[in-house]
Amino acid sequence: MVNKNEMVRMFFSVKGLDKSYGNGSAKVKVLDGVSTDLEEGKICVILGPSGSGKSTFLNVVGGLESIDSGSICVDGQELSKLDAKSLGQYRRNKLGFVFQFYNLIPNLTAKENIEVCEYLSKNPLPIDELLHTLGIWEHKDKFPNQLSGGQQQRCAIGRALVKNPALLLCDEPTGALDYKTSKEILSLIEKINQTYNNTILIVTHNEAIKHMAHRVLKLHDGRILTDSVNENPVAAKDLEW
Amino acid sequence: MKNPLRKRYIRDLKANKGRYLAIFLMLTVTIALMSGFLAVSAGVQKSFQENRIESKLEDGSFSSKDEITPEAITESEKLGVSIYENDYVNEQTNSETTLRIYENREQINLATVMEGNSPIKDNEIAVERLFATSNKLSVGDTLTVNDTPMKITGLIAVPDYSSLFQNNSELMMDSFHFGIGIMTKDVFQSFPENNIIHNYSYTFNQRDLSEKEKRTLSDDIKVSLVKNETQLTNFTTAENNQSISFIEDDMGSDVPMMKVFLYIIIGIMAFVFSIIIGSTIEAEAPIIGTLLASGYKKIELMTHYIAMPLMVTLLSAVIGNAIGYTLMPGLFKEMYYGSYSLPPMEVKLNFEALLLTTVLPIVIMIGINFVALRRKLSISPLNFLRRELKKKTNRKAIKLPDFSFLTRFRIRVIIQNIGSYITLFVGVLFASFILMFGLSLTPMMNHYVDSITQSAVADYQYILKAPAEAENPGNAEKLTFSSLETYYTPANKNLEVSFYGLRENSVYFKELKISDDEKGVTFSDGLAKKLKAKVGDMVTFVNPYTDKSYDLKVIGIYDYPGALTVFMSQKQLNTLLNVDSNYFNGYFSDTELNLPENSLATVITPEDMSQLGDQMLSSFEQMVPICLGVAIVIYLVLMYILTKLVIDKNALYISFMKVFGYETKEIRKLYLTATTMVVLGSLLLGLPLVTLGIQGSFELAMMKLSGYLPVYIPMYLYAEIVAIGMMSYFVINFFHIRRISKIEMAAALKNKE
Numbered sequence: 017m018v019n020k021n022e023m024v025r026m027f028f029s030v031k032g033l034d035k036s037y038g039n040g041s042a043k044v045k046v047l048d049g050v051s052t053d054l055e056e057g058k059i060c061v062i063l064g065p066s067g068s069g070k071s072t073f074l075n076v077v078g079g080l081e082s083i084d085s086g087s088i089c090v091d092g093q094e095l096s097k098l099d100a101k102s103l104g105q106y107r108r109n110k111l112g113f114v115f116q117f118y119n120l121i122p123n124l125t126a127k128e129n130i131e132v133c134e135y136l137s138k139n140p141l142p143i144d145e146l147l148h149t150l151g152i153w154e155h156k157d158k159f160p161n162q163l164s165g166g167q168q169q170r171c172a173i174g175r176a177l178v179k180n181p182a183l184l185l186c187d188e189p190t191g192a193l194d195y196k197t198s199k200e201i202l203s204l205i206e207k208i209n210q211t212y213n214n215t216i217l218i219v220t221h222n223e224a225i226k227h228m229a230h231r232v233l234k235l236h237d238g239r240i241l242t243d244s245v246n247e248n249p250v251a252a253k254d255l256e257w
Numbered sequence: 033m034k035n036p037l038r039k040r041y042i043r044d045l046k047a048n049k050g051r052y053l054a055i056f057l058m059l060t061v062t063i064a065l066m067s068g069f070l071a072v073s074a075g076v077q078k079s080f081q082e083n084r085i086e087s088k089l090e091d092g093s094f095s096s097k098d099e100i101t102p103e104a105i106t107e108s109e110k111l112g113v114s115i116y117e118n119d120y121v122n123e124q125t126n127s128e129t130t131l132r133i134y135e136n137r138e139q140i141n142l143a144t145v146m147e148g149n150s151p152i153k154d155n156e157i158a159v160e161r162l163f164a165t166s167n168k169l170s171v172g173d174t175l176t177v178n179d180t181p182m183k184i185t186g187l188i189a190v191p192d193y194s195s196l197f198q199n200n201s202e203l204m205m206d207s208f209h210f211g212i213g214i215m216t217k218d219v220f221q222s223f224p225e226n227n228i229i230h231n232y233s234y235t236f237n238q239r240d241l242s243e244k245e246k247r248t249l250s251d252d253i254k255v256s257l258v259k260n261e262t263q264l265t266n267f268t269t270a271e272n273n274q275s276i277s278f279i280e281d282d283m284g285s286d287v288p289m290m291k292v293f294l295y296i297i298i299g300i301m302a303f304v305f306s307i308i309i310g311s312t313i314e315a316e317a318p319i320i321g322t323l324l325a326s327g328y329k330k331i332e333l334m335t336h337y338i339a340m341p342l343m344v345t346l347l348s349a350v351i352g353n354a355i356g357y358t359l360m361p362g363l364f365k366e367m368y369y370g371s372y373s374l375p376p377m378e379v380k381l382n383f384e385a386l387l388l389t390t391v392l393p394i395v396i397m398i399g400i401n402f403v404a405l406r407r408k409l410s411i412s413p414l415n416f417l418r419r420e421l422k423k424k425t426n427r428k429a430i431k432l433p434d435f436s437f438l439t440r441f442r443i444r445v446i447i448q449n450i451g452s453y454i455t456l457f458v459g460v461l462f463a464s465f466i467l468m469f470g471l472s473l474t475p476m477m478n479h480y481v482d483s484i485t486q487s488a489v490a491d492y493q494y495i496l497k498a499p500a501e502a503e504n505p506g507n508a509e510k511l512t513f514s515s516l517e518t519y520y521t522p523a524n525k526n527l528e529v530s531f532y533g534l535r536e537n538s539v540y541f542k543e544l545k546i547s548d549d550e551k552g553v554t555f556s557d558g559l560a561k562k563l564k565a566k567v568g569d570m571v572t573f574v575n576p577y578t579d580k581s582y583d584l585k586v587i588g589i590y591d592y593p594g595a596l597t598v599f600m601s602q603k604q605l606n607t608l609l610n611v612d613s614n615y616f617n618g619y620f621s622d623t624e625l626n627l628p629e630n631s632l633a634t635v636i637t638p639e640d641m642s643q644l645g646d647q648m649l650s651s652f653e654q655m656v657p658i659c660l661g662v663a664i665v666i667y668l669v670l671m672y673i674l675t676k677l678v679i680d681k682n683a684l685y686i687s688f689m690k691v692f693g694y695e696t697k698e699i700r701k702l703y704l705t706a707t708t709m710v711v712l713g714s715l716l717l718g719l720p721l722v723t724l725g726i727q728g729s730f731e732l733a734m735m736k737l738s739g740y741l742p743v744y745i746p747m748y749l750y751a752e753i754v755a756i757g758m759m760s761y762f763v764i765n766f767f768h769i770r771r772i773s774k775i776e777m778a779a780a781l782k783n784k785e
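Protein chains in written order, with my numbering: chain A, 17 to 257; chain B, 33 to 785.
Each computed DMTMM-like pair below joins lysine to aspartate or glutamate, with the alpha-carbon atoms no more than 20 angstroms apart:
id: 1; chain 1: B; residue 1: 774; chain 2: A; residue 2: 99
id: 2; chain 1: B; residue 1: 291; chain 2: B; residue 2: 281
id: 3; chain 1: A; residue 1: 110; chain 2: B; residue 2: 698
Just so you know, these hints were derived from the structure itself, not from any lab.
Let's have the full structure, built from the sequences with the hints guiding it.
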C-alpha cells in the first residue's frame with residue numbers, strides 16, 4: 017500500500033509529443049503536441065473516439081513506437097534517446113501490457129503463459145499467489161481455448177503483472193468482455209494498483225471507467241481535449257454503464 | 033462469374049515464394065531424374081532386347097577340355113538346338129589387361145560396331161568399347177597383344193558380354209582389367225592350340241520356350257554331351273551367365289528402386305503440403321467460417337485449398353519432364369554406358385514414364401491432401417469463427433513434469449507442431465538412408481578388399497588344368513580345387529561355390545583344423561551368411577557337369593570373408609570327386625612357382641585383389657556425389673519448409689514476446705532450439721533405422737550377385753551423417769534467425785482478434 021505521507025513523484029511526463037503516419041498528402045498526424053504527466057501509483061484513463069490517438073499514445077509510452085518530436089520521460093528515462101535494444105530492456109524491466117484480445121499463446125497453459133513474462137524478471141511475483149489473486153488457480157493447467165474470456169483476461173493480466181512492472185499499460189482491457197466480467201477485471205486492476213502501487217494507463221472507449229481513475233485524459237484528433245484529476249475515484253465494483 | 037478466391041493464388045505464391053519454390057524445386061528435380069531415368073532405361077532395354085535378336089545372342093555355352101567330337105554335337109543338336117564353335121583365347125596386353133579374343137563371329141553373338149570398323153587385316157583388332165574407354169584406348173591406337181602390336185580398327189559391343197565378368201563366379205565386373213577383342217579368322221587360328229579354350233554356344237531352335245523348358249533342354253544337352261564322353265569344364269545357360277543376365281537383373285531392380293524413390297518423395301511432399309494447408313486453415317479459420325456462413329460450400333473451399341498443391345505439382349511435372357527428356361538422358365546414359373557394354377540407344381517418349389511422372393504425382397498429391405482437407409473442413413462454420421478447430425477442445429492439456437520453463441516451452445512447441453516434426457523425421461530418415469548408402473559404398477568396398485586381402489592365405493594361389501609338379505616347390509602346399517553348385521532359394525538360382533581340399537595341418541590355414549576323418553565340411557563365413565547356414569545344417573551341392581549331388585554337413589565356420597568357399601580335407605574332396613587320393617590341381621605358395629605353362633589355369637596374387645578394389649570403387653564412385661547431393665537437397669528443402677512453418681505459425685506470438693521485452697536471441701532459444709532438438713533427435717534416432725534399412729537393402733542386392741559382400745558401416749559414417757544433417761540445418765537456421773529478427777512488433781499491435 018502507498019504510504020500517504022511519502023512524497024509523490026512524477027512517474028512519467030510527455031512534452032510536445034508529435035507523431036505522424038504516412039508521407040506527403042497521405043500524412044496523418046495522430047499525436048499533435050501532446051503534453052501531460054502522471055504521478056507514480058496512479059491510475060490514468062485515456063478516453064477518446066477511434067482514431068483520436070489514444071492507442072498510439074499508449075504505444076509511444078510503451079516504447080513500441082518512436083515519436084517525430086517532443087520528449088517522453090518515464091521513470092527518469094528519456095525514451096526518445098533510447099535505441100531499440102534499450103527500449104527492449106525498458107519494456108522488459110518496467111512495463112506490463114494487457115490487450116483487448118488477451119493474446120495468450122495458445123499452446124501454453126494459463127500458468128505457462130504467465131511464466132512467459134516471469135522468465136523475463138529478476139524478481140518476479142510468486143506465481144502461485146498471483147494465480148490465487150487472479151482467481152484462476154483452478155484453471156492454471158488449462159489451455160487458453162479452454163478458458164472463458166474473463167479467465168483469459170485474468171491470465172493476461174497475470175502475465176503482465178508477474179514482473180511486478182512499474183507501469184501497467186492496458187489497451188481496451190474490457191473491450192471484449194461482458195458487463196459483469198468487465199467489472200470483475202476492472203476490480204482486479206484496481207486491487208493490483210492498491211496492492212503493488214503500479215502506475216496504470218488504461219485506454220478505453222468506455223466513459224464509465226473514468227470514474228475509477230485518478231486522472232482522466234480525453235484525446236481528440238491527436239490532441240488532449242481535457243486533462244482532469246479525479247480526487248475521489250469510485251470503486252470499480254460500483255461502476256455502472 | 034469466376035470465383036474471386038482465385039485472386040489469392042498469385043498473392044499466396046508471392047507471400048510464400050520461398051516455401052513454394054523449395055517444394056517446386058524438390059518435385060521438379062525428382063520428376064526430372066525419374067523421367068530421365070525411365071526414358072533412358074526403357075530405351076536401353078529396348079535397344080538391348082532388339083540387339084539380342086539381331087546379334088543372335090546364344091542361349092547358353094559350354095567349354096570342354098578338348099575339341100568336342102562332331103558326333104557329340106550332332107547328338108545334342110537332335111534335342112532341338114544349334115551348336116556353334118565359339119573358341120577364344122585369353123591374352124595379356126601391354127597395358128597389363130586380359131583380353132578375351134574371338135574371331136570375328138558371323139553366326140552367333142555378333143558384334144555391333146560402335147565406332148570405326150571390324151578388323152580386316154592381320155594386324156588389326158576391334159575391342160569392346162567399355163574396355164577401351166576404361167583403358168583410354170581409341171580407334172587408331174596400337175594395342176600389343178601377346179607381344180604383337182595390333183591396330184585398333186573399331187570399338188564394339190558384344191551381346192554375350194554386356195557385363196564384363198571374366199569368370200561367372202566373380203562378384204564384380206571389371207572393364208579396367210578385362211575386355212573382349214575380335215580379330216580376323218586367320219589371325220585367330222594362328223594362336224597355339226594350348227592357348228585356345230574350346231568353347232561352344234548353342235541356341236534353341238524353338239524360340240518360344242518357357243523358362244522351365246529352356247532349363248530342362250539345357251540340362252538334356254549337358255547330359256547328352258557327358259554321355260558322348262565330353263569332358264565339360266563349363267556349362268552355363270544364358271540365364272545363369274552373369275555376363276549376359278546381370279544387366280537385366282540390375283535394371284530389373286533399378287527401375288522399381290527409382291519408382292519407390294519417386295513415390296516416397298511425392299508422398300513426403302504431399303504430407304508437407306497437407307501440413308501447410310492445415311496451418312493456413314488454422315490461420316484463416318475465421319475467414320473460412322465467414323465464407324461458409326455466407327454460403328460457400330465446403331467443396332468450393334476444398335477445391336480452393338487443393339489448387340495450390342495441384343498447380344505446383346503440375347508445373348513441376350511439366351518442367352521436370354522437359355528437363356528429364358533434354359538434360360537428364362546424358363547423365364543416365366553415362367551411368368549405363370559407363371558400366372555396361374551396350375549397343376547404341378535412342379531416347380524416345382515413354383508413355384509409362386510420362387504417366388508415372390505426371391498423373392501419378394498429381395493423384396498422390398490430390399489423394400493425400402483431399403483426405404487431410406476433408407478432415408480439417410469437417411467442423412461447423414461457427415467453430416471456424418470461434419477458432420475451435422479441434423473436435424475435442426476440452427481435452428486436458430498434457431501436464432508436463434517440473435522441468436524448467438524453457439524446457440517446457442520447447443516441449444509445447446514440439447507438441448504444437450508434431451505433424452510437421454513427424455514429417456520432418458520421415459524426410460530426414462529417407463535422406464539419411466540415401467546419404468548412408470552413398471557414403472558407405474567406398475568404405476564397404478575398401479573393407480571388403482582389405483578383409484579378403486588380409487585373409488588371403490598365400491601370396492600365390494595357382495589353379496591347374498591338370499596335376500603338375502612345381503620345379504621349386506619350397507613351402508608350397510598342394511590342394512584340390514573344385515566348383516560345385518548349391519541352390520540359392522532367395523534368388524531362385526544355383527550358386528557356384530569353391531571347394532578347397534586341404535591337407536591336414538595346412539600351414540596356410542593354421543586356424544582351420546582339418547582332419548581326414550571328419551564327417552563334414554567347414555564353410556567360409558561369407559558362404560554361411562549368404563546361405564544363412566549354421567553348424568549342424570545339411571547343405572546339398574551339385575556337380576553341374578555330372579548332375580551328381582552331395583549332402584554335406586556343416587561342422588564349422590571359418591573366418592574367410594567375402595568368398596563363397598567350402599573347406600574340407602583333400603582326401604575327402606578327392607573321394608567326393610571320385611579322383612585318385614593323391615590328386616591335386618592347385619598350390620598355395622608364398623613364392624612364385626615354376627610350373628609348366630600349359631598346365632596353368634589361373635594364378636591369383638594380392639595384386640589381383642587390389643585390382644578388384646579399384647574396379648569396385650570405380651563402379652560405385654559416381655554414386656557417391658549423387659547420393660550426397662540428393663540427400664542434402666532433401667535435408668535442406670524439408671528442413672526449410674517444415675521448420676519455417678513453426679515460425680510462421682508462431683509469428684504473432686513471437687511479435688508479442690518482443691513487445692514483452694524478449695530479445696531475439698531469447699526467442700531463438702525458445703522456438704529454434706526446439707526445432708534444433710527435433711532435427712538432431714531425428715538424425716540420431718534415424719541412425720539405427722537407417723542401418724537396418726541399409727543392411728536389408730544390401731542383403732536384397734546381394735541375392736542377385738554370385739559373391740557375398742559383408743555390410744560394413746564404420747562408426748565415423750554415423751558422425752558424418754549427423755554432421756552433414758546438422759550443417760544443412762544450420763544453413764536453414766541462419767534464414768530462420770533472420771526471419772525471427774524481422775518479425776515486427778507491429779504484428780502484435782495490429783492484432784484485432
